[in-house]
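Number of protein chains: 2
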Amino acid sequence: MSAPASLLSAQPLVRPIGLADGRQRAVIDAVLPCVDNGRFAAKCVAGEPFAVEAHCFVEGHDMLRVMLHWQREGEASWTEVEMALKWNDEWHAQFVPPVPGRYRYNVEAWVDAFESWHHELERRVDAADIRIAARVGAAEILAAADRAREAGQAQDATRLQGWALALEARAADVGEDAALLKGQALDETLASIVRRYPDRRHATALKPGFPLVVDRPLARYSTWYELFPRSASPEPGRHGTFADVQALLPGIAKMGFDVLYFPPIHPVGRMQRKGRNNALVTEDGDVGSPWAIGAEEGGHDAILPALGTHEDFRALVKAARGHGLEIALDIAFQCAPDHPWVKEHPAWFKWRPDGTVQYAENPPKKYQDIYPFNFESEDWEGMWLALKGVLDHWIAQGVTVFRVDNPHTKAFPFWEWAIGEVKRAHPQVIFLAEAFTRPKVMHRLAKLGFSQSYTYFTWRNTKEELVAYFTELSSRPGLDYFRPNVWPNTPDILHAQLQTGSDAMFRLRLVLAAMLSASYGIYGPAYELKEHLPRHEGSEEYLDSEKYQLRHWDRGRADSLAPYIAHLNAIRRAHPALQRNEGLVFLPIDNDQLIAWVKQSPDGQDVIVTVVNLDPHHAQWGWLQFDPAAMGFGVEPGQSFQMHDLLGGERFMCQGARHFIRLDPAVSVAHVMHLLRKTRSERDFDYYQ
Amino acid sequence: MSAPASLLSAQPLVRPIGLADGRQRAVIDAVLPCVDNGRFAAKCVAGEPFAVEAHCFVEGHDMLRVMLHWQREGEASWTEVEMALKWNDEWHAQFVPPVPGRYRYNVEAWVDAFESWHHELERRVDAADIRIAARVGAAEILAAADRAREAGQAQDATRLQGWALALEARAADVGEDAALLKGQALDETLASIVRRYPDRRHATALKPGFPLVVDRPLARYSTWYELFPRSASPEPGRHGTFADVQALLPGIAKMGFDVLYFPPIHPVGRMQRKGRNNALVTEDGDVGSPWAIGAEEGGHDAILPALGTHEDFRALVKAARGHGLEIALDIAFQCAPDHPWVKEHPAWFKWRPDGTVQYAENPPKKYQDIYPFNFESEDWEGMWLALKGVLDHWIAQGVTVFRVDNPHTKAFPFWEWAIGEVKRAHPQVIFLAEAFTRPKVMHRLAKLGFSQSYTYFTWRNTKEELVAYFTELSSRPGLDYFRPNVWPNTPDILHAQLQTGSDAMFRLRLVLAAMLSASYGIYGPAYELKEHLPRHEGSEEYLDSEKYQLRHWDRGRADSLAPYIAHLNAIRRAHPALQRNEGLVFLPIDNDQLIAWVKQSPDGQDVIVTVVNLDPHHAQWGWLQFDPAAMGFGVEPGQSFQMHDLLGGERFMCQGARHFIRLDPAVSVAHVMHLLRKTRSERDFDYYQ
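Quick note, the sequences are listed as chains G and Z, same order.
Its first residue numbered 0, the first sequence is counted upward by one per residue in numbering that gives the first Met the number 0.
Its first residue numbered 0, the second sequence is counted upward by one per residue in numbering that gives the first Met the number 0.
In case anyone wonders, no lab produced these hints; they're calculated from the structure.
Given the structure is predicted, the values throughout are model-derived calculations rather than measurements.
Worth double-checking, as some hints may not be accurate.
Said to hold, decoys possible - Residues from chain Z that keep clear of chain G, each with C-beta distances beyond 10 Å, as calculated:
(1) N36
(2) F56
(3) F374
(4) G477
Unchecked claim - Distance ranges between label pairs, derived from CB positions:
(5) Z/H551 to G/A19: 27 to 37 Å
(6) G/D378 to Z/E187: 27 to 37 Å
(7) Z/Y358 to G/V466: 37 to 47 Å
What the hints assert, rightly or not - Mimicking DSBU-like on lysine-lysine, the simulated pairs with C-alpha atoms at most 30 Å apart in a straight line are:
(8) G/K181 to Z/K439
(9) G/K317 to G/K342
(10) G/K439 to Z/K85
(11) Z/K439 to G/K439
(12) G/K462 to Z/K85
(13) G/K181 to Z/K365
(14) Z/K85 to G/K85
(15) Z/K529 to G/K206
(16) Z/K181 to G/K364
(17) Z/K85 to G/K364
(18) Z/K364 to G/K439
Yeah, the Cβ is synthetic: ideal placement off N, Cα and C, and Gly gets one too.
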């Protein structure tokens with residue numbers, strides 16, 4: 000034998016990462032939500048439960064206790080919620096953040112000697128084992144009594160001590176009945192006292208926890224209407240004003256919108272001003288692009304005089320509130336060549352050797368009327384502060400929602416800072432990122448703090464595309480931080496599908512947007528009036544786009560989709576299932592032109608099944624697979640149920656899992672069906688109402 | 000107007016996380032592999048490329064440069080490899096760690112003014128624009144010249160300066176041809192010099208980078224054979240010895256194994272020793288369970304005298320090496336009641352009030368002959384050091400592979416520390432985790448440092464189960480750190496499928512293990528001799544299990560599967576496609592009893608298609624979907640190819656994407672087919688060989 004003298008080494012013990020003591024045995028393998036391991040904040044809504052899942056375990060058969068901690072940032076203390084094990088080492092708990100703001104949450108886990116003992120004793124049947132276990136438990140209870148006393152809870156301490164001594168005494172009495180002893184040892188009332196004084200000396204927690212941004216409900220569920228105030232005049236040819244917009248508010252509110260969004264309202268540059276249809280030369284009276292911001296009248300903190308004054312604007316904001324509408328302003332951080340900042344802060348722009356600034360380009364698009372900011376400026380601090388000042392200025396005027404133009408062409412660290420700062424002071428403010436760009440870039444912006452994000456919806460047209468995209472949008476990890484806002488059209492995007500002007504196509508894209516996504520918007524009145532001519536074949540630009548000229552709209556036209564929009568938005572407002580993105584499940588239907596899905600409210604009470612015919616020309620039919628019994632929607636197997644079509648008004652009597660669907664676009668492009676379950680009494684006498 | 004006097008706030012600028020300067024504009028959104036954000040190490044193999052992917056971008060249209068850095072831990076300097084953009088903001092590079100050990104890698108990205116300029120100029124056609132661009136570029140090149148000079152590269156500096164001045168001069172000459180000027184500005188030779196001196200002042204990196212464990216190839220690809228040395232005697236009834244095992248080495252090597260693994264070889268406890276078939280009382284001559292470690296002869300550093308001495312053991316290790324076999328030892332950190340440590344270190348065990356230690360249990364299994372260590376011991380440091388001392392002891396005897404028994408019943412922080420320490424000193428050592436437990440626990444052990452992991456393979460039997468499980472095993476995130484080792488049987492698990500003793504079932508489970516997983520093992524000679532009787536109906540325990548008694552095996556039996564095993568292992572050895580887990584793709588085949596998949600080597604040269612009939616009773620047939628042209632396997636569309644069945648020897652002439660397969664288990668349970676592509680010359684004259 001050549002065994003060494005001793006296995007006991009004298010070498011120092013280098014501890015693994017984060018380990019203070021080898022007895023920190025509880026493992027927290029993961030915490031969800033978790034955006035890039037806590038580098039970025041998850042998002043939720045004030046007044047609603049925020050659910051946290053933690054993957055925790057320990058070696059062997061010992062029992063854990065796991066706590067969820069949360070606090071509003073800056074508060075001294077944390078609130079604690081006990082987590083419960085569901086299955087597969089997944090522990091769950093939730094809390095309701097009361098008000099918007101920045102919060103933190105974390106998970107703490109420890110191996111609990113009392114729970115381990117309790118759990119083991121429950122399974123003991125052998126009398127000798129029970130007697131020994133009672134003595135082991137008595138020691139644990141005594142230790143808890145000591146901790147109670149240290150915590151100043153003398154009464155609990157005394158009670159636990161009494162229990163421990165009684166157990167000890169009865170365990171020593173060989174005449175004692177083991178079953179009775181076990182019963183006493185498992186006393187639930189006393190156990191609940193012990194549980195108040197756990198031994199957390201060797202608890203594990205993940206430092207420094209996870210950030211959470213809590214928004215108000217509008218961030219989760221919103222319905223947007225975009226219009227150009229300058230086209231709001233009821234008289235053809237007259238420049239619209241804020242007062243004109245004010246007159247439109249009742250009609251917009253009647254359509255069921257809650258956010259009214261304006262393109263930039265600032266003075267429009269005169270240098271390099273664009274003419275109609277993006278012409279490089281202007282004609283008399285050309286109003287230019289509102290995104291060419293700034294002229295001698297002022298820049299990002301000024302208002303185009305033709306629209307009105309700051310006072311008019313504040314009056315409009317107030318009037319909109321009265322109609323349940325919030326005004327969203329477009330934040331486009333760029334300057335017309337005659338923006339005052341170009342002269343005042345030349346360091347914020349990138350000058351070329353010929354003394355010019357390279358105008359903005361997004362090949363093949365050229366924006367000769369726009370100078371981009373230079374985010375490599377030596378004076379980046381001054382520029383950042385000024386840009387954030389723009390946000391502060393409009394917040395001071397009552398604006399609480401910003402739609403940010405092309406955020407992906409401004410430095411990403413700027414947004415993290417600016418949104419973070421603004422929301423620290425004004426947690427109610429909502430930012431929508433207008434970034435139609437590569438997927439990772441769009442996700443980064445959402446991580447950096449944008450409350451909502453534009454999406455690829457406009458270009459997701461087939462069933463396969465829609466199913467894949469909305470499955471992604473309603474799944475982790477994006478679900479935790481990326482809130483989609485889907486738009487069937489924008490002033491920049493007239494999709495080829497709409498260029499036919501097909502009434503059915505305009506309706507079906509609306510139904511898809513309104514029923515698939517908790518937030519959606521349209522650019523009107525172009526949408527409800529089915530404006531559909533492109534600037535030229537193959538272009539996604541509108542002909543005679545409002546981006547470059549005033550337009551006069553006949554809002555009262557008989558074929559306007561306004562009543563249909565109002566109907567869809569009323570359905571959204573009445574059904575919580577439609578006001579969130581999680582819980583979306585696509586349903587099989589054996590026709591590629593028919594797409595079907597179900598959404599449910601968190602409490603499972605509200606269930607909406609939508610089926611859309613993607614073919615605007617022909618009736619399509621097929622068999623829908625929908626089994627409310629198997630999906631846990633409160634229908635017993637074999638029981639009949641009703642599907643109430645909220646769009647068409649029909650009530651379908653259904654049973655089983657397969658249902659025949661036929662949709663003729665000449666009649667209706669979609670069913671939006673509310674699942675009606677009958678109570679037992681209704682089932683008895685009211686079967687065929 | 001009520002605009003504020005100035006938007007320029009005097010408030011201090013609070014910077015976002017990790018941002019030193021607002022001009023750090025490059026974003027590194029993710030780095031892959033990344034195990035829990037770098038909390039744990041990814042794994043790879045020395046001498047083989049380790050591929051890293053980084054998701055990097057910047058706002059707008061500027062160009063990035065991205066570098067991969069890597070170093071062996073403890074080295075002062077990093078090696079740098081330029082990453083290349085593939086698509087979707089995904090940058091790729093790889094490096095080859097030369098030897099086993101702990102490494103780190105990281106990614107650095109910066110916005111590169113020269114690349115941005117170069118990229119923009121390439122698209123310029125307007126002569127005035129080109130002239131301005133040439134002057135902009137000249138300034139960038141001059142700056143690079145300065146950096147070259149600072150780096151002591153005077154020659155490069157002079158050359159760049161010359162280029163810059165020439166560009167400047169020609170740009171100023173209005174007679175100069177713009178196309179020629181552009182050509183000179185885009186000179187690739189000179190550009191490559193500029194690229195050596197980038198401006199990294201505002202580079203971004205993720206601190207502190209990502210750890211990497213580099214193993215030797217055996218960690219990736221290994222073939223294990225388990226036997227009980229005490230049953231190795233050729234004479235029935237005699238206790239086997241290391242010398243007996245030595246005599247078996249040629250046969251084991253001939254079967255194609257490279258790891259020979261023994262259950263514990265230590266003195267077996269006498270107190271509470273188990274009898275045959277796990278009986279609580281022993282009869283004369285009962286040898287007990289080798290997992291009941293320790294007796295008066297010694298503990299974890301001792302050898303059961305009946306097996307031999309340390310000298311014999313070292314001789315066996317050496318002889319095995321001569322046959323291409325490494326000895327793997329079972330590390331079971333637990334003690335028989337008469338293990339010396341129980342008396343020497345009572346603090347390492349959990350004593351009950353009656354002066355006993357609670358024996359190990361894994362309900363319903365009871366291990367009355369085993370005391371677990373108490374990982375809550377006050378002397379945890381002493382115990383950790385002693386347990387690691389066991390590993391050091393056997394490493395000193397030449398052992399380089401450990402199979403760790405039930406690691407999930409020992410504290411997780413211990414493994415991270417012990418494996419980390421051992422591998423820092425001995426990077427060649429391989430640890431296999433025998434944890435048949437919940438999925439998150441098994442994954443945690445792999446993250447903590449185990450080189451390989453037992454799996455659920457034994458209980459994945461249907462096509463659906465196998466496809467789902469092996470898809471998971473060959474996918475991220477597990478693929479980066481969890482290396483499966485699959486076992487059709489173990490001394491603890493005789494699966495119900497094998498209890499019929501069906502020759503076809505024993506063969507098909509072998510083919511699944513050997514062809515699906517880069518590492519697999521069997522417990523022999525029980526497997527090759529088709530040992531199949533359970534201890535009782537419904538049990539997964541073997542009847543007359545070697546765990547509790549000596550067994551005598553007739554290794555030369557005519558129906559032994561040894562030649563079949565040798566054949567499978569020879570195929571594995573000849574085909575790199577089978578020696579790794581990534582790149583597995585299951586193929587559609589329209590029969591639920593037939594399962595088919597393709598594996599390919601990293602260079603795409605070696606392609607193996609396996610089809611297994613999961614029904615051991617009946618012939619099964621179906622259409623296999625396999626299109627080597629569409630899968631990029633070097634077959635032109637429409638071209639024929641051969642599939643050479645390495646098991647049966649047939650050569651199938653194939654074309655197109657659908658292939659008829661029929662497998663009769665009476666003939667063969669599987670095809671293991673090597674894709675043969677013909678060169679052009681072969682195609683001309685050798686078509687029907």
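**Report entry** Structure versus earlier hints, numbers of those that do not hold, lowest first
**Finding:** Hints 1, 2, 3, 5, 7, 8, 9, 14, 15, 18 not satisfied by this model.
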